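Participant: When you get a sec, could you build the whole thing from the sequences and use the hints?
For the record, the sequence lines run as chains A and B.
Sequential numbering of the first sequence, starting at 1, is according to our numbering.
Sequential numbering of the second sequence, starting at 1, is according to our numbering.
It should be emphasised that the hints constitute simulated quantities derived from the structure, not laboratory data.
Keep in mind it's a predicted model, so treat the numbers as computed, not measured.
Glycine included, each C-beta is placed from N, C-alpha and C at the ideal position.
Be a bit skeptical, because a hint or two may be false.
[Stated by the list, open to error] Cross-link-like lysine-lysine pairs, in silico, DSS-like; alpha carbons within 30 Å at most:
(1) K362(A) / K38(B)
(2) K354(B) / K166(A)
(3) K64(A) / K270(A)
(4) K332(A) / K181(B)
(5) K221(B) / K240(B)
(6) K362(A) / K354(B)
(7) K18(A) / K113(A)
[Said to hold, decoys possible] Some residues of chain B that are not near chain A, with every Cβ distance over 10 Å (derived):
(8) G80
(9) E227
(10) N353
[Stated by the list, open to error] Not everything, but these chain B residues come out facing chain A in the computed CB check (under 7 Å):
(11) V87
(12) T208
(13) K331
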Amino acid sequence: MEKVLRSTSMDTVKELYKVAFTHPQLRLFPIRHHSPVCSHHLKKVIQKFQPDCILIEGPSNANKLIPYLTHEESQPPFAIYYSFKNTSAGKEYKCYYPFLSCSPEYTAMLEGKHLGCETEFMDLPYDEIILSCEDGQSLLQEQEKSSYNDDYLLAGSDYVKYACEKTGMRSFDEFWEKYFELGGWKLSTETFIQNLLTDCYLARVTTSEDLMWKDGCLIREQFMAEHIREKMYRNKKVLAVIGGFHTQGILYHLGLWQETIRTVPWKSHKTPKEDTGVYIMSYSEDAADMLNGYRSGMPFPAFYRRVYEVMEKGYERPFEEIVQDMLIECGKQVRRKDGGVSTYDEICAMQMCQGLAALRGKHEAGAYELVDSVQSSFIKGELNHISQMPLIELRKVMSGRKRGVLTAIAPIPPLVQDFENLCKKYRLHVSGAARRELILEPFSKERHLQISFFFQRMNYLGTEFSHMKKGPQLAAGRNLNLIRETWEYRYRPEVIHRLIDQSVYGGTIEEASESLLLNRLQESLHCSEASVLVLHAMEMGFAESMGKVLAAVEKMVVQETSFMDLAGCLEHLLFASQRKSFYKIEHGDVIVRLIKIIYEKMVLLLGSLESVENERATAAVGALKNMYQAVLNQQYELNGMLLEEGLKSLVVKKSIKPLIRGAAYGILYGFSSEYRKDIIKAGWGYVQGSGDSKTMAAPFFRGLFNTAKDMVMESSEFLIMLNELLHELSEEAFVEILPELRMAFAYFMPQETDKIAKKVAQLFGRNEKDLKRYGISGRTYALGEYLDQEVQQFMEGEEIGWIVTESATEMPGIDGA
Amino acid sequence: METTRIKPPMEELYQEELAALAANDTGRKPQNWKLSAKAVRTFILGSHIPLKYNGKEIHIAKKFYGNDALVERCIITLAGNRGLMLVGEPGTAKTMLSELLSAAICGNSTNTVQGTAGTTEDAIKYSWNYALLLAKGPSREALVPSPLYVGMEQGILTRLEEITRCPAEIQDSLISILSDKVMSVPELGNQGLLFAKPGFNVIGTANTRDKGVNEMSSALKRRFNFETILPVADVALEKKIIMNEVRKLSLLDHVDMEMDEDVADLLAITYHELREGVSAEGHRIDKPSCVMSTAEAVSVYYQTMMNGYYYGDRSMDVDCLVQNLLGAVAKENRDDLQKVKGYFQTVVKDRSNKEGGLWKKYYEARRWIQ
Chain A
1 MEKVLRSTSM
11 DTVKELYKVA
21 FTHPQLRLFP
31 IRHHSPVCSH
41 HLKKVIQKFQ
51 PDCILIEGPS
61 NANKLIPYLT
71 HEESQPPFAI
81 YYSFKNTSAG
91 KEYKCYYPFL
101 SCSPEYTAML
111 EGKHLGCETE
121 FMDLPYDEII
131 LSCEDGQSLL
141 QEQEKSSYND
151 DYLLAGSDYV
161 KYACEKTGMR
171 SFDEFWEKYF
181 ELGGWKLSTE
191 TFIQNLLTDC
201 YLARVTTSED
211 LMWKDGCLIR
221 EQFMAEHIRE
231 KMYRNKKVLA
241 VIGGFHTQGI
251 LYHLGLWQET
261 IRTVPWKSHK
271 TPKEDTGVYI
281 MSYSEDAADM
291 LNGYRSGMPF
301 PAFYRRVYEV
311 MEKGYERPFE
321 EIVQDMLIEC
331 GKQVRRKDGG
341 VSTYDEICAM
351 QMCQGLAALR
361 GKHEAGAYEL
371 VDSVQSSFIK
381 GELNHISQMP
391 LIELRKVMSG
401 RKRGVLTAIA
411 PIPPLVQDFE
421 NLCKKYRLHV
431 SGAARRELIL
441 EPFSKERHLQ
451 ISFFFQRMNY
461 LGTEFSHMKK
471 GPQLAAGRNL
481 NLIRETWEYR
491 YRPEVIHRLI
501 DQSVYGGTIE
511 EASESLLLNR
521 LQESLHCSEA
531 SVLVLHAMEM
541 GFAESMGKVL
551 AAVEKMVVQE
561 TSFMDLAGCL
571 EHLLFASQRK
581 SFYKIEHGDV
591 IVRLIKIIYE
601 KMVLLLGSLE
611 SVENERATAA
621 VGALKNMYQA
631 VLNQQYELNG
641 MLLEEGLKSL
651 VVKKSIKPLI
661 RGAAYGILYG
671 FSSEYRKDII
681 KAGWGYVQGS
691 GDSKTMAAPF
701 FRGLFNTAKD
711 MVMESSEFLI
721 MLNELLHELS
731 EEAFVEILPE
741 LRMAFAYFMP
751 QETDKIAKKV
761 AQLFGRNEKD
771 LKRYGISGRT
781 YALGEYLDQE
791 VQQFMEGEEI
801 GWIVTESATE
811 MPGIDGA
Chain B
1 METTRIKPPM
11 EELYQEELAA
21 LAANDTGRKP
31 QNWKLSAKAV
41 RTFILGSHIP
51 LKYNGKEIHI
61 AKKFYGNDAL
71 VERCIITLAG
81 NRGLMLVGEP
91 GTAKTMLSEL
101 LSAAICGNST
111 NTVQGTAGTT
121 EDAIKYSWNY
131 ALLLAKGPSR
141 EALVPSPLYV
151 GMEQGILTRL
161 EEITRCPAEI
171 QDSLISILSD
181 KVMSVPELGN
191 QGLLFAKPGF
201 NVIGTANTRD
211 KGVNEMSSAL
221 KRRFNFETIL
231 PVADVALEKK
241 IIMNEVRKLS
251 LLDHVDMEMD
261 EDVADLLAIT
271 YHELREGVSA
281 EGHRIDKPSC
291 VMSTAEAVSV
301 YYQTMMNGYY
311 YGDRSMDVDC
321 LVQNLLGAVA
331 KENRDDLQKV
341 KGYFQTVVKD
351 RSNKEGGLWK
361 KYYEARRWIQ
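Facilitator: In structure tokens form, the structure reads like this:
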């Protein structure tokens, strides 16, 4: 690396500048995305060069959106959103290309508009970029959000790492700020460009061609050069705004540079139009901040935007101006939350900023001095997750909260349009990002039902726009007794992004969510998963497509061989049947028919419960109960005898779990009290058995009491059984079964527990009052109160303590106190 | 040559470097500073470019690793109105940094108040030579100045080590001194006001494991800028620190023995993993409750080195290394030995199987863990 820096190849940079910047028809302007100083110099170059055509590095399938970006009513930040569905590979891709007011690309577009010259994006269309990258490279790198901008080529190069180490910079961003932003705007444009080309040249020289090829970089440079050549051929003066890394590559393909660069054969993949999407959306500064996990270019968008604004106004020291402003704003925010930062702290912090700038050889204090000064001067104590609040507030101030505005005539994806229309229709507040609450009575008011459907659909689309705080949740089987729904909703730009993401499914919220639901049905689901979709369809009000959903569920039920999956399906369909009228679903007969099919199939599969795992035994008991409840409901016209016969076979199976056996016996008792004898015999079988069988009595009773607790109430036989069990068990074994026994008695109501206590007392010839505890008696309470007062008086007399006393009263009937 | 002191002060240890920096210093100096802020920075963070002094090339070595920006902030703080408070876990080089700053800025790193639970206001401000006091009455001659008094009088830095160990009311006596930069000596009547000279400032240190800075009053906290020194996060850097510090110690003690880089690497990895609670391979490790600082690692290495030099064959004995490691770990809580045992039984064993060599010997030395 040292060799490279000292070698005579530095002359190459001068040559590069000459070719890129003095050609009569071409200016190749290298930039860093969102850089204010690049915008500053670019403006000057455009005004001096007066191009006929401005070409900007960006996917060319967004050219039609440029007029909306530069419209008078539009204000950045905004972003171009690209999507591509690779149907052959079954993958979807998307990326964002943000623009801030200080972005050189945006400046180029505005200047192009003022000049009245052609302004276009010149890079490969997004789908072609994706198809030309290797997995894990460039836009195919796994990350939370994908950005079009390719600053990583510069920032990640070996040269930059070396340069940062040698100059003591903590990151490329700090390096960039010191050597380009802070002093760069005062330099002549020629000097600035030469410095930048040096940086880009060195970054490129230390990057392997292989990496550039895998990255798709070489193909893109070929394509962009072709675009430029075409304009130059028409005798146009062309100004091309490019990421500086590409300078040599593009010049080579234009025939203006001697160094040989690999040429990659390329042919368009002719992606169908419906598989690609490109939309413009308003954006926010904090979303554009690279530190939020999004590698867009420079960090701290609000900081650099404000620097650019004052720079353009002609301030002598624009960075320090904004540093001071942000220190004050940060101080205010911290005081609001904590109150621990004073004006003097701000003064000290400002002095720290200036001192650090001088020490670091910077023209003026910048973003990194600002952060350092807040850390040093605002945080009083050890830096940890509690004390770092001032840094968090500063970060918010430096990132910014500004939201862009798009002209009203900008094309909006139909899905977003529908969303906005519906919000207006339902009078939902979406002008700010504040959370709002809405209480709905969907089962008594039609309008509320429609709003509920809307919220459910928005949820299903994964927009995170709305969230049910309280209310019936069919799919989860919770709060089904509630008739009101409390919703919380909140608008954020991410809602629009997600809607755009889902716009491939349809043009309206209803269509997109329904389509998504039906798509989900195509996946290989178990019938229990598919039946959840029935509930979702109900919650979203898809009365018309319910038929399709139920047909798909039926198909899966026919193929299903798992008892537990069928049980899950049955449970969901029972919910659906019970609540269909609330949600105005008319397929009641189909649901009833399905319930019957599932029931009969489950009866056939009852034998499989012999081998069910311990962890699923409780769920199996629930399934049996549901089957029984369905039988009792005459609406379904189910043949109870089938279940009875099935359970009779089940209970005699040798290796059935005692919990399930107990529950099955309880249900049989529900069919006929003649099973009583068998149940008692089975109970004694556990209690009087040898070895581990005694401990199995507890789950047996638990299962039995779950489904037939009235057996205990009718006679004392089970209590006698339990008594013997408790006598027989060792202390260790008792402790082992205690949790199960507690659960067994949890099914009884307090009154029933009292009755059981009475029976137990009678068994041992005792009074039930001996067993019952009613808490403290009135007499005991009165004694305690009296003592408390006496002690307080004594302490007051001795002037001990601070107890506030009420006047003591003599308690009647207390002797000797 | 016999060394006359166990630990010479920084200004003596780096006398030549400081002189070279002073001779070549063209930067602006805050009032009464021996060096400019840039030169102080160079002294502590080092430079690739040697300085010419007295016909020689003097290389300024890097002395503090891990956070250059922190050092810069410390320098700027000391040039301003506020004191500097260095906080962190024990063994993170707070004292070393405060000594380096003092040596570079005022040429005196020994003007120190050592904070303890028994520190009184006399130790912070001044006391009296009672014989002289009785003989001649209150006078400057009879006054025994504290380091803080000396710092104010001479316009140099005063170091307050472990300031948070002092009782709160003693700490609070610093408040008016730090804000008004004046100390009142009522016994001296009209002459009883000592105004601090330019160049005076205070560097405090506090370790977060003991009392930390929680008991410091808000009024006193506001008189300081705080800098938290975190343990070294990079294993390679930790190894470098171990090597550098041990080299320095061995030079002072004339322990003429080559350093074993592999052992330094092994020790750095051990300390790093036990401190972080996770191995390089992702094994979760029970963290010992004791301090696993780089300073401790230096100490363990150096002890092992001395053992090899005086009792061995001038090589690093892994058994001895493990024994010294256990000695360092066990000083607070014997349960920590079990955690080290667990570390050996999982991570070290795994590495011994994969890499063999030194790791294998290291694993075999686990027999010393009782």
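Participant: Against this structure, judge whether each hint is valid.
Facilitator: The hints, checked one at a time:
Simply put, K362(A) and K38(B) have alpha-carbon atoms about 13 Å apart, close enough for the 30 Å limit, and the pair holds. Straight-line distance between C-alpha atoms of K354(B) and K166(A) comes to about 36 Å, which puts the hinted pair past the 30 Å bound. The straight-line distance between the Cα atoms of K64(A) and K270(A) is roughly 19 Å, inside the 30 Å bound, and the hint therefore holds. For the given pair, K332(A) sits about 29 Å from K181(B) by alpha-carbon distance, which is consistent with the 30 Å threshold.
Under the criterion of a C-alpha separation no larger than 30 Å, the hint pairing K221(B) with K240(B) is inconsistent with the structure, at around 34 Å. For the hint pairing K362(A) with K354(B), the CA-to-CA distance comes to about 50 Å; that exceeds 30 Å, so the pair is violated. Proximity of K18(A) to K113(A) is assessed by CA-CA distance (about 28 Å); at most 30 Å being required, the pair is judged to hold. Consistency note on G80(B): stated as away from chain A, yet its beta-carbon is not over 10 Å from all of that chain's, at 5 Å minimum.
Its beta-carbon lying about 6 Å from the closest one in chain A, E227(B) breaks the requirement of being farther than 10 Å from that chain. For N353(B), the shortest C-beta to C-beta distance to chain A comes to about 31 Å, beyond the 10 Å cut-off, and the non-interface label holds. This hint holds: V87(B) has a C-beta 5 Å from the nearest C-beta of chain A, less than the 7 Å allowed. For T208(B), the interface hint holds, since its Cβ comes within 7 Å of a Cβ in chain A; the closest pair sits about 5 Å apart.
Interface restraint check: K331(B) against chain A, minimum CB-CB distance 23 Å, threshold 7 Å, status violated.
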